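Going down the list, the protein sequences come from chains A and B. Under our numbering, the first residue of the first sequence is numbered 1, with each subsequent residue one higher. Under our numbering, the first residue of the second sequence is numbered 395, with each subsequent residue one higher.
It should be emphasised that the hints constitute simulated quantities derived from the structure, not laboratory data. Be careful, since some hints might not be right.
Taking lysine-lysine and the DSSO-like style, the derived pairs with C-alpha atoms no more than 30 Å apart in a straight line are [unchecked claim]:
hint	chain 1	residue 1	chain 2	residue 2
1	B	Lys678	B	Lys788
2	B	Lys788	A	Lys187
3	A	Lys277	B	Lys671
As the structure is a computational prediction, the values presented were derived from the model and not from experiment.
Number of protein chains: 2
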Amino acid sequence: MNFLIFVIETIHNSVIMKQILTTLALVLALATGLQAQELANFARGNQKPVISPEIVQDSVVFRLKADYATIVKLSGSWLPNPWTGTIDMTRGENNVWEVKVPLPEPEIYTYYFVVDGVAVNDPQNVLVQRDGTRYLPMLIVPGERTENYNEAHLHGTVSHPWYHSDILGMDRRLTVYTPYGYENSPKKKYPVLYLLHGAGGDEEAWISMGRTAQILDNLIEKGLAEPMIVVMPNGNPGQAAARTLNIPEKQIDWRAPENRELYVKSLCTEIVPFIEKNFRAIPKPASRAIAGLSMGGGHTISASNLYPELFDYICPLSAAGGSTPEQIATLKKAGVKLYFLACGNTDFLFNGAEEMHAKLNEQGLQHEYFVSEGGHTWANWRLYLNTFARKLFK
Amino acid sequence: MNFLIFVIETIHNSVIMKQILTTLALVLALATGLQAQELANFARGNQKPVISPEIVQDSVVFRLKADYATIVKLSGSWLPNPWTGTIDMTRGENNVWEVKVPLPEPEIYTYYFVVDGVAVNDPQNVLVQRDGTRYLPMLIVPGERTENYNEAHLHGTVSHPWYHSDILGMDRRLTVYTPYGYENSPKKKYPVLYLLHGAGGDEEAWISMGRTAQILDNLIEKGLAEPMIVVMPNGNPGQAAARTLNIPEKQIDWRAPENRELYVKSLCTEIVPFIEKNFRAIPKPASRAIAGLSMGGGHTISASNLYPELFDYICPLSAAGGSTPEQIATLKKAGVKLYFLACGNTDFLFNGAEEMHAKLNEQGLQHEYFVSEGGHTWANWRLYLNTFARKLFK
Chain A
1 MNFLIFVIET IHNSVIMKQI LTTLALVLAL ATGLQAQELA NFARGNQKPV ISPEIVQDSV
61 VFRLKADYAT IVKLSGSWLP NPWTGTIDMT RGENNVWEVK VPLPEPEIYT YYFVVDGVAV
121 NDPQNVLVQR DGTRYLPMLI VPGERTENYN EAHLHGTVSH PWYHSDILGM DRRLTVYTPY
181 GYENSPKKKY PVLYLLHGAG GDEEAWISMG RTAQILDNLI EKGLAEPMIV VMPNGNPGQA
241 AARTLNIPEK QIDWRAPENR ELYVKSLCTE IVPFIEKNFR AIPKPASRAI AGLSMGGGHT
301 ISASNLYPEL FDYICPLSAA GGSTPEQIAT LKKAGVKLYF LACGNTDFLF NGAEEMHAKL
361 NEQGLQHEYF VSEGGHTWAN WRLYLNTFAR KLFK
Chain B
395 MNFLIFVIET IHNSVIMKQI LTTLALVLAL ATGLQAQELA NFARGNQKPV ISPEIVQDSV
455 VFRLKADYAT IVKLSGSWLP NPWTGTIDMT RGENNVWEVK VPLPEPEIYT YYFVVDGVAV
515 NDPQNVLVQR DGTRYLPMLI VPGERTENYN EAHLHGTVSH PWYHSDILGM DRRLTVYTPY
575 GYENSPKKKY PVLYLLHGAG GDEEAWISMG RTAQILDNLI EKGLAEPMIV VMPNGNPGQA
635 AARTLNIPEK QIDWRAPENR ELYVKSLCTE IVPFIEKNFR AIPKPASRAI AGLSMGGGHT
695 ISASNLYPEL FDYICPLSAA GGSTPEQIAT LKKAGVKLYF LACGNTDFLF NGAEEMHAKL
755 NEQGLQHEYF VSEGGHTWAN WRLYLNTFAR KLFK
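Produce the entire structure from the sequences given, and follow the hints as far as they go.
Spelled out as structure tokens, the structure:
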């Protein structure tokens, strides 16, 4: 309503005013996506605001206004079979469909409605995460587990610089987090975590689904992690940036023997120098960490094998390790301050993680093996970041 | 499919492999939002990919797969009555609903489907803009008008630093664009454009709907605009950041006489110094521009009246001017290099712009009066930015 008041205060002319009020009603209708009948109801004051989701003690209520739908269902990522299971919603007053379900354990979940067979986002929920090309509403269940996933009081800066890759033949977009205070301490230098996404992800995956900024902001504010820079590159070698930017992908065979390591080479010989030139980064192995999930865990392992001297902190997450005994021995010799191997106990790559754990033991490379409940999920990857970030650069 | 190949290459164990393939099918189903029956069809190869939107010569085709819907319609921002008018779509093979409509004039439009009365985004379209709390698919119609709205070859950096406001009592998020080359020219200093959104917007409005990064990237790459920094603050004084971050708003009466100018004061006495301290900005009036649309046009006028010495470039867009003759005289005396007043000829604030134009003439303040076709729309605000950005700092 600020706008209305602003306009009223600014223009003192009753003819213009009438025109403005009529147009504002239409602008309002447009801005809120109301249909004509809804607008009329709204104008008559018949419309109660729809609240969704609403946590009520041990339950959560989801609501959707759907005037002409036949069947409305809820699909949630915490359901036993999230890709097939849906829960029926019930039509109530004013065609607001509703369902009340038990509140799941503290974590971040996604959900959507299915209206006559079509997936629909919750128009009432401002909390949205982007997964590849989809935007999905979030349900954040409060608790100790999710405490660091909410906004902290002091915020770091998230930026999207572009680096030039001679190796991949294009300019490519990065996501970079610099901690709170970076701008105000122009002489301070920081260690850097390179944080890699999995297949289907891009340079926005960790910042959106992984809650990287929130986790680091909270850990640093509480004194639980060292202030650090976090660099999140795009791990798809043909992509200049997330598909949402609509830049055509470079179509070459990235799996061919001569091409398959190009991204990791660009990461280690182009991105690392770019960051150390353009940010106040400490350019030493003891101030460099690399971590990645799934495909990014593979990239983490490849990078540590190709450039064993580069990173002193190595964290493959939910990945199957392909290192040879020789590679592990080389890495051990190069010096590792932390090797943090994590996997969910029902992850389809769990056996691969077990194998890697055994190989590291065989070669006597000291490491932390962190096994969590559950599978190949962002719930686990957030937990891993919230865990290993406290152990870096100490 | 990279992921599949990666896993296959990484793990050489057929039991694990079988488990992986089964799980991958489910992960794939989850990732693409397929239902069980669709998954079966997909596995049998029955599924043709749905393409939407598809521009075919002078038409554009929209498609949506909706198995159980009764009525599917298209709503588009280019339709004569975008808030009430919809076009019926027709059910085709495989329950893919389709409609072919004449291609509108080159511009960026938004649209959505209405499935049995409920608004649904196009799951096939990766081009999405955020309007307040809504994500809307875009249709970019190619042509001279939209040439600078697509990705350029050379990209500037978009970042989200936070500044501390004593005046508003909180840390607040900014969006900042620095031009291509900023990182590689550590001694070069740049002029700054402060670019303000309207009511209902936030610090992401200009970057998302306004295509600021694309427009500046293109203009600078073509040599049509000076390389400049663009600062996009949040103009809602109670908000620390866009509502998508879920930070509670400060609830005080921002319209009370003692509060109503607080945001503009924070902009001119806190944001400007923050930018000039933390970015390589030229700290002179001749290197500062201020522009804003609607409510932000009001902020632009207020800022130029409260601090007439601060900005040499002043661009109120689609706004009604409340300046007094004395204020305009003061501004003229302070020196203005460009006063760019723009409004659409069917804008509900057009009379206000006409009045401002007359007042500026009365006081002999030289200015450009740019009247475009159309109303209070992002189509106009993109056009204005694409126009006045070429005239700044020259």
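Verification of the hints:
Our distance criterion of 30 Å between C-alpha atoms is met by B/Lys678 and B/Lys788, whose separation comes to about 14 Å. As the CA atoms of B/Lys788 and A/Lys187 are separated by approximately 34 Å, the hinted pair breaks the 30 Å bound. For the hint linking A/Lys277 to B/Lys671, the alpha-carbon distance of about 20 Å falls within 30 Å, and the restraint holds.
In summary, the structure is inconsistent with hint 2 from the numbered list given earlier, while agreeing with all the others.
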